[in-house]
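Could you build all of it, start to finish, from the sequences and the hints given here?
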Amino acid sequence: EAQVTQNPRYLITVTGKKLTVTCSQNMNHEYMSWYRQDPGLGLRQIYYSMNVEVTDKGDVPEGYKVSRKEKRNFPLILESPSPNQTSLYFCASSPRWSNEKLFFGSGTQLSVL
Amino acid sequence: DAKTTQPTSMDCAEGRAANLPCNHSTISGNEYVYWYRQIHSQGPQYIIHGLKNNETNEMASLIITEDRKSSTLILPHATLRDTAVYYCIVRPPQGGSEKLVFGKGTKLTVNP
Chain B
1 EAQVTQNPRY
11 LITVTGKKLT
21 VTCSQNMNHE
31 YMSWYRQDPG
41 LGLRQIYYSM
51 NVEVTDKGDV
61 PEGYKVSRKE
71 KRNFPLILES
81 PSPNQTSLYF
91 CASSPRWSNE
101 KLFFGSGTQL
111 SVL
Chain L
1 DAKTTQPTSM
11 DCAEGRAANL
21 PCNHSTISGN
31 EYVYWYRQIH
41 SQGPQYIIHG
51 LKNNETNEMA
61 SLIITEDRKS
71 STLILPHATL
81 RDTAVYYCIV
91 RPPQGGSEKL
101 VFGKGTKLTV
111 NP
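Keeping their order, the protein sequence lines are chains B and L. Residues in the first sequence are numbered from 1 upward in steps of one, following my numbering. Residues in the second sequence are numbered from 1 upward in steps of one, following my numbering.
By construction, these hints were calculated from the structure, which means they are not laboratory data. Incorrect hints may appear among the rest.
[Stated by the list, open to error] Derived lysine to aspartate or glutamate pairs resembling EDC-like cross-links, with alpha carbons at most 16 Å apart: (1) L/K107 to L/D82; (2) B/K71 to B/E30; (3) B/K101 to L/E55; (4) B/K71 to B/E53; (5) L/K107 to B/D38; (6) B/K18 to B/E53; (7) B/K69 to B/D38; (8) L/K3 to B/D38; (9) B/K101 to L/E31; (10) L/K104 to B/D38; (11) B/K69 to B/D56; (12) B/K101 to B/E30; (13) L/K3 to L/E31; (14) L/K52 to L/D67; (15) B/K18 to B/D59; (16) B/K17 to B/D56; (17) L/K104 to B/D59; (18) B/K65 to B/E53.
Below, the structure is given as structure tokens:
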């Protein structure tokens, strides 16, 4: 089944403890992206990648890192999480970066205490 | 800043058509209009997209004005399961920045 898989679904951590949220797609998509969603603010883009080893900042990249070493995986790294990064995170992918629909993962609810 | 403007919320009676407007007055000639929806904290789901012609699929219809400055998503016979937040976004073609802005969307409530 074609899908975007995020893990974990829920994560509770403490300030400063490095964490990684994984994202994997099995559709050979070139474009991948991370979003965070907070009440009243809608979806905001954190980082995106147009292909392997090509990444760029979205609207809210501060405090996050990403890597795209292989096409299927696009992990989101929080080196030193802070409480303001408590949010619902979504990963998405699309075949190429032009005129094609985004497929979203089920989301990761992160709480930083 | 969002490139689109949508009403914050709308209501619709079950079985009636839901018409969701979107303003994208700064859209460029080669940018596409996409619609997604998000049902309570689930991952957003693609609905439909278009460039300048009206489009229809099994989920909805998309009407784009001739000047392309606005569009309307039509759910022809809304059901309770269509209650969701609907996002209208503008997506550039290949070669443009892929920094996508979703905005806050329209919260559609379908009432029995």
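So, going through the hints one by one against the coordinates:
no., hint, verdict
1, L/K107 to L/D82, "10 Å, holds"
2, B/K71 to B/E30, "7 Å, holds"
3, B/K101 to L/E55, "15 Å, holds"
4, B/K71 to B/E53, "9 Å, holds"
5, L/K107 to B/D38, "15 Å, holds"
6, B/K18 to B/E53, "22 Å, violated"
7, B/K69 to B/D38, "29 Å, violated"
8, L/K3 to B/D38, "19 Å, violated"
9, B/K101 to L/E31, "14 Å, holds"
10, L/K104 to B/D38, "10 Å, holds"
11, B/K69 to B/D56, "14 Å, holds"
12, B/K101 to B/E30, "12 Å, holds"
13, L/K3 to L/E31, "11 Å, holds"
14, L/K52 to L/D67, "9 Å, holds"
15, B/K18 to B/D59, "22 Å, violated"
16, B/K17 to B/D56, "24 Å, violated"
17, L/K104 to B/D59, "14 Å, holds"
18, B/K65 to B/E53, "13 Å, holds"
Consistency with the previously given hints fails for numbers 6, 7, 8, 15, 16, ordered from lowest to highest.
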